[in-house]
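Participant: Go by the hints and put chain B onto chain A.
Protein chains in written order, with this note's numbering: chain A, 1 to 207; chain B, 208 to 414.
Honestly, the hints are just simulated from the structure, not real lab data. Any given hint could be a false lead.
[Stated by the list, open to error] Distance condition first, Cα-Cα at most 16 Å in a straight line; then the derived EDC-like pairs of lysine to aspartate or glutamate: (1) Lys27/A - Asp278/B; (2) Lys234/B - Glu190/A; (3) Lys27/A - Glu42/A; (4) Lys262/B - Glu130/A; (5) Lys262/B - Asp278/B; (6) Lys27/A - Asp400/B; (7) Lys168/A - Glu202/A; (8) Lys27/A - Asp395/B; (9) Lys375/B - Glu336/B; (10) Lys168/A - Glu147/A; (11) Lys55/A - Asp71/A; (12) Lys262/B - Glu249/B; (13) Lys234/B - Asp188/A; (14) Lys375/B - Glu337/B; (15) Lys262/B - Glu276/B; (16) Lys168/A - Glu99/A; (17) Lys55/A - Glu256/B; (18) Lys55/A - Glu42/A; (19) Lys375/B - Asp331/B; (20) Lys234/B - Asp193/A; (21) Lys375/B - Asp332/B; (22) Lys375/B - Glu354/B; (23) Lys55/A - Glu354/B; (24) Lys55/A - Glu69/A; (25) Lys262/B - Asp188/A; (26) Lys168/A - Glu129/A; (27) Lys234/B - Glu249/B; (28) Lys168/A - Asp193/A.
Protein chains: 2
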Amino acid sequence: MSPNPTLPPSVTRLIDALTQLPGIGPKSASRLAFFLLRAPAETSLTLAEALRDLKARTRLCSVCFNITEDDPCAICADPLRDPGLICVVEEPLDVAAIERSRVYHGTYHVLHGVISPINGVGPDDLRIEELVGRIRRSAEAGQPVREVILATNPTVEGEMTASFIQRKLAGLEVSITRLARGLPAGGDLEYADEITLRRALEGRQRL
Amino acid sequence: MSPNPTLPPSVTRLIDALTQLPGIGPKSASRLAFFLLRAPAETSLTLAEALRDLKARTRLCSVCFNITEDDPCAICADPLRDPGLICVVEEPLDVAAIERSRVYHGTYHVLHGVISPINGVGPDDLRIEELVGRIRRSAEAGQPVREVILATNPTVEGEMTASFIQRKLAGLEVSITRLARGLPAGGDLEYADEITLRRALEGRQRL
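Pulled out of the complex, with its shape left as it was, chain A reads as follows (with noise of 0.2 Å):
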């Protein structure tokens, strides 16, 4: 006998796929799923077709590596963005944190995580290496990157995450900084307030 008997398939399956969501437990889910069932038919259908479109439409901005539906992403592509100004950040939302700030004018990169050897992710598995290519193709190209702003979170993992690029980029001619101790340690960048935000930006230092 299934833990609830009195459910249709339909209803089970929707709650276990919801279950699959981080900080949705299975008591959540079935108010969801219930939630939806009174609901009109175009609330699930919605999210329904944004899930289908969400992996069919995005992919990554082969520059920046930040969450695109067309390549070069819309920063990348902007021609008033200083491309000898790059951000290097670990998530696409944190992209998303800096643009809210309006001070900032130049490029990213996005990470897509953080050294973390008790997760299992290795410098390998973030775009490091990318980034080393994209500076040493600037400058071949004559349009040199002049800084990198090491974005990454004020956490253990994230100064890791900062040292470990630093010294990746030890060997070429860019100002390497960091973005001011205005953020609180500890913290998430993601939720970090504009105008702390601000000040880290304009406080940043060279390392």
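Facilitator: Relative to chain A, chain B alone:
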């Protein structure tokens, strides 16, 4: 400028769709969207399919109004269940909760809500007339319903709904019972543990 100029439309649309769900704010919607972006494509597609199937495959049982894929539902169609005993509950999840207690072998009647003047829910919005009709038809068919257990939640609205149904059934030859006061007052039937529910069922009292 949109609030997230750097997020592609397909990601923004998913975040918007997730934000429509109860208990999911813009921040957790973003987290979920980025979890799905990083997860294997199956995770999103399984969820998308489950959402599509939810409305396409489920209907209400024409006898008890529980959510089902087949009509009548598995409980109403089960010859081992006693059709002379009807347990009236607010929601399909309450059926699942009572089934887990494993002491009940009658049938159900799902109201799909409670009388709630504040939320604009009146008796006509619930399956109360259908309950009366069901009891009448059973009597006419020579298989009378002996007992109706009013298992609405022990909340003000649940009690109000139970009294209303009790008055509605006054003229009919049927015992009306209410779950015993083993249930904590102001609580929610769906969250009751199995022992509390079992005691409440066993100690039910004639109204």
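Participant: All hints are to be evaluated individually against the structure, with a verdict given for each.
Facilitator: Taking the hints in turn, this is what the structure says about them:
no., hint, verdict
1, Lys27/A - Asp278/B, "violated, 26 Å"
2, Lys234/B - Glu190/A, "holds, 10 Å"
3, Lys27/A - Glu42/A, "violated, 23 Å"
4, Lys262/B - Glu130/A, "violated, 45 Å"
5, Lys262/B - Asp278/B, "holds, 15 Å"
6, Lys27/A - Asp400/B, "holds, 13 Å"
7, Lys168/A - Glu202/A, "violated, 25 Å"
8, Lys27/A - Asp395/B, "holds, 13 Å"
9, Lys375/B - Glu336/B, "holds, 9 Å"
10, Lys168/A - Glu147/A, "holds, 14 Å"
11, Lys55/A - Asp71/A, "holds, 15 Å"
12, Lys262/B - Glu249/B, "violated, 21 Å"
13, Lys234/B - Asp188/A, "holds, 13 Å"
14, Lys375/B - Glu337/B, "holds, 12 Å"
15, Lys262/B - Glu276/B, "holds, 10 Å"
16, Lys168/A - Glu99/A, "violated, 26 Å"
17, Lys55/A - Glu256/B, "holds, 14 Å"
18, Lys55/A - Glu42/A, "violated, 21 Å"
19, Lys375/B - Asp331/B, "holds, 12 Å"
20, Lys234/B - Asp193/A, "holds, 13 Å"
21, Lys375/B - Asp332/B, "holds, 15 Å"
22, Lys375/B - Glu354/B, "holds, 14 Å"
23, Lys55/A - Glu354/B, "violated, 53 Å"
24, Lys55/A - Glu69/A, "holds, 10 Å"
25, Lys262/B - Asp188/A, "violated, 39 Å"
26, Lys168/A - Glu129/A, "holds, 9 Å"
27, Lys234/B - Glu249/B, "violated, 23 Å"
28, Lys168/A - Asp193/A, "violated, 31 Å"
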